Amino acid sequence: MSRCEPRPALLVPAAAALLVLAGCTPTDTATQLPDPEPATEVTLSTEHLEGTGTTGVPGAALPIPADARSLVVDFTCEGGGEFAVELGDAMVLGQATFNGTCDGSSSLAWPVTAKTGHTLYVWVADGVVWTADAVFSTAEFAADPAVTSDCATLSPAISGLYNAEIGFAEAHIDAAEWSARMTAVAVGLYGVASSSTSTLAAPAAALEAIVRDPARVPGAVGERGAEPIAEIDRICDVNQTPLIIMGEFGG
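Residue numbers (the numbering used here): 1 to 251.
If you're looking for bench data, these hints aren't it; they were derived computationally from the structure. From a predicted model like this one, the values you see are computed outputs, not experimental measurements. Glycine included, each C-beta is placed from N, C-alpha and C at the ideal position. Don't take every hint at face value.
Said to hold, decoys possible - Cβ pair distances, simulated, as ranges: (1) A146 <-> A84: 23 to 31 Å; (2) H48 <-> A175: 53 to 61 Å; (3) E41 <-> G80: 35 to 43 Å.
Could you build the full structure based on these sequences and the hints that come with them?
Now the structure itself:
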């Protein structure tokens, strides 16, 4: 999740295209050019990184091959504490910072662009040993378009939920305004819950039910909605289309 404060066209082989334009069709198969071979996805390089505790700034150096289009990192840490892993400057790139629990191995994947920083940032508790096995490939990172669309829709809805809760807690809005804002949040959630074809439909529906609960009270909706919000956050991060949470109140 990213938080910001008030933040195939069809390719026709050239030879075939020329024949169509000339009003001809090939008849002698022996003289036809062979179909082009599909592009082969190539593993360009692997890197092994390891450390103890947080990397700090500027992070662990991670050389990126020139033709790389994606990166998969097998990240391992133990002890049950929390971890966070970021490739380059996630906020600038609009990419996810992965969060999880140090209870084994996690597979983390990113798209690689010309702007991707050659560093891997790791946040873990002091004394925690971690390893990261990085594999760069020419394969494009495959984001799910339906998830991408849903994350864009859910970002303002969840921002609205947080802003209503914080606004009431800090006396910026009253109970009537809080209720009106929650009704608007429910409408945004309904759009995904009722029509989405992605895996976000279920957690969006669960969160909508919490927001619409007639017994809802200020300060409790965010707490009760923590589980479906965490699942929405996880799905959007894996797709590398993280939630963008816009804060209305606070510094």
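These are the hints, each one checked on the structure:
no. : hint                     : verdict
1   : A146 <-> A84: 23 to 31 Å : holds, 27 Å
2   : H48 <-> A175: 53 to 61 Å : holds, 56 Å
3   : E41 <-> G80: 35 to 43 Å  : holds, 36 Å
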